[in-house]
Amino acid sequence: MDAPVLADMLDFVIAKYNYWGIAALMMIGLYAMIAKNNLVKKIIGMNIFQTAIILFFISIATKWDATIPIIIHGHGAHAHSIHAADYMNPLPHVLMLTAIVVSVATLGVALALAVGIFQRYETLEEDNILEQLKADESNLR
Amino acid sequence: MKRFAFIGVLLFGAVLLYSSFSFPPLGDPHAPANRHVSDDYIRDGMKETAVPNLVTAVLADYRGYDTMFEATVILAAGIACFFLLRRYRRKPAQHRLYRHIDTGVILIIEQGGKEPVDSKEFERIDYHWVPFDLVVNKAAGLMVPFLQLFALYVIFHGHHSPGGGFQGGVIFGATVILLAISRDLRSTTRLFPERTSAFLSSAGLFIYAGTGFACLLLGSNLLDYSALARLLAVDPVMARSHGILLVEIGVGMAVSAIMIWIYYNLASAGRYDEGL
Chain A
1 MDAPVLADML DFVIAKYNYW GIAALMMIGL YAMIAKNNLV KKIIGMNIFQ
51 TAIILFFISI ATKWDATIPI IIHGHGAHAH SIHAADYMNP LPHVLMLTAI
101 VVSVATLGVA LALAVGIFQR YETLEEDNIL EQLKADESNL R
Chain B
142 MKRFAFIGVL LFGAVLLYSS FSFPPLGDPH APANRHVSDD YIRDGMKETA
192 VPNLVTAVLA DYRGYDTMFE ATVILAAGIA CFFLLRRYRR KPAQHRLYRH
242 IDTGVILIIE QGGKEPVDSK EFERIDYHWV PFDLVVNKAA GLMVPFLQLF
292 ALYVIFHGHH SPGGGFQGGV IFGATVILLA ISRDLRSTTR LFPERTSAFL
342 SSAGLFIYAG TGFACLLLGS NLLDYSALAR LLAVDPVMAR SHGILLVEIG
392 VGMAVSAIMI WIYYNLASAG RYDEGL
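So the sequences go chain by chain: A and B.
Yeah, the first sequence ends on 141 if you go by our numbering, and it's all consecutive.
Yeah, the second sequence ends on 417 if you go by our numbering, and it's all consecutive.
Since the hints were derived computationally from the structure, they do not count as laboratory data.
Warning: the hint list may mix true and false statements.
Stated by the list, open to error - The calculated lysine-lysine pairs, modelled on PhoX-like cross-linking and capped at a C-alpha distance of 25 Å, are:
1) B/K279 / B/K261
2) A/K42 / B/K143
3) A/K63 / B/K188
4) B/K188 / A/K36
Stated by the list, open to error - Now the stretches of chain A that chain B is said to cover, found in silico as 3 or more residues with beta-carbon under 8 Å:
5) 56 to 70
6) 87 to 94
7) 122 to 136
Note that the structure is a prediction, hence the values are computed from the model and not measured.
All C-beta atoms in this analysis are idealised placements derived from N, C-alpha and C, irrespective of residue type, glycine included.
Make the full structure from the sequences, and use the hints.
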């Protein structure tokens, strides 16, 4: 392979590798949510999925040659003009700041439900819980 | 089931991979996400709010509604954990463990035996016995005040450096959780009772919403902090900066108290007796 093609491929990988990593994380999280039997493992899968989405938003906020969205020289900044290309996009950072806290809150509620289920059924394996539920139903009839 | 899940996840991944080719490249300043409103935030944010940290300005001012209801969501989560798990009836314990503080001798007191409650010489330890560790105990105790000071710095310096109510609040909550992990839940709930966490979490949200309604009462829109200029005797732009600070304090209080509250309920399964 000659050098220009290789350089093009490298440029392509550098331009897109964040999406591929995020897609891999999303797949891991989704698989854990669907296929795992243990409820805590499902919750961990949900958290991996949320982390992937947070990384996605943060990665689209980046700009090459830009710094964090804090205006340099704070209150003296009126003297020089502010260029939007010099600072990263603050909006996804704001959205994800709140999303992180909400993901912690959903994690807390999910774990509380798991604790409640464990107290009632003394297991966190989904098939065992379903068996017990079926047994309860047939006892009622 | 697992095979179907695997195939489904692979299809999902293929769709994501296919769509990634039409996404803008990483770090492109002209990507659709980095234009429109974001450019205005960067150019005018400092002029309109006097807050150099644009993330704080957008969080508490431009998107104040969003953040207020985000705080409401975590309060709801804390209350949900409380209602799901909290049990006031004590489980009858088989036996309880007490340690003689000076010698380290462990007493096992069977059900119905006389317990050395309120004794200076004995302290109760958890049923799942963990050895007393002086280093962990003292190191955690020494670190906590400095960590709490740092948490307050993160909240109050959020205008000028990375930080703000959410981050500082989580650090503050983590210090109390560190105490609970390194010692035990009972001594931590004596220092920071459940009632305090419930009160602080709702008080924090009240400060946020109260700031918003104060603006409404002063004849402006909800959460339009420039209306506070008359109360604070500053110009409207500085009033925005101070309004953001008030709101961040409220968020910090609410977040730290709710983190601690959720931890208490989860660690002890709602009994506040023995836990991690």
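Now for the hints, and whether the structure bears them out:
Among the hinted pairs, B/K279 with B/K261 is consistent with the structure: their alpha-carbon atoms are about 19 Å apart, no more than 25 Å. Between the alpha carbons of A/K42 and B/K143 the distance comes to roughly 13 Å, so the proposed pair stays at or under 25 Å and holds. Among the hinted pairs, A/K63 with B/K188 is consistent with the structure: their alpha-carbon atoms are about 22 Å apart, no more than 25 Å. For the proposed pair B/K188 and A/K36, the alpha carbon gap of about 52 Å is over 25 Å, so the pair is violated.
Counting residues of the stretch 56 to 70 of chain A whose CB lies closer than 8 Å to any CB of chain B gives 10, which reaches the minimum of 3, so the coverage claim holds. With 7 residues bearing a CB less than 8 Å from a CB of chain B, the stretch 87 to 94 of chain A meets the requirement of three and the coverage assertion stands. Using a Cβ-Cβ cut-off of 8 Å, 0 residues of the stretch 122 to 136 of chain A lie near chain B, which falls short of the minimum of three, so the contact claim is violated.
In summary, the structure is inconsistent with hints 4 and 7 from the numbered list given earlier, while agreeing with the others.
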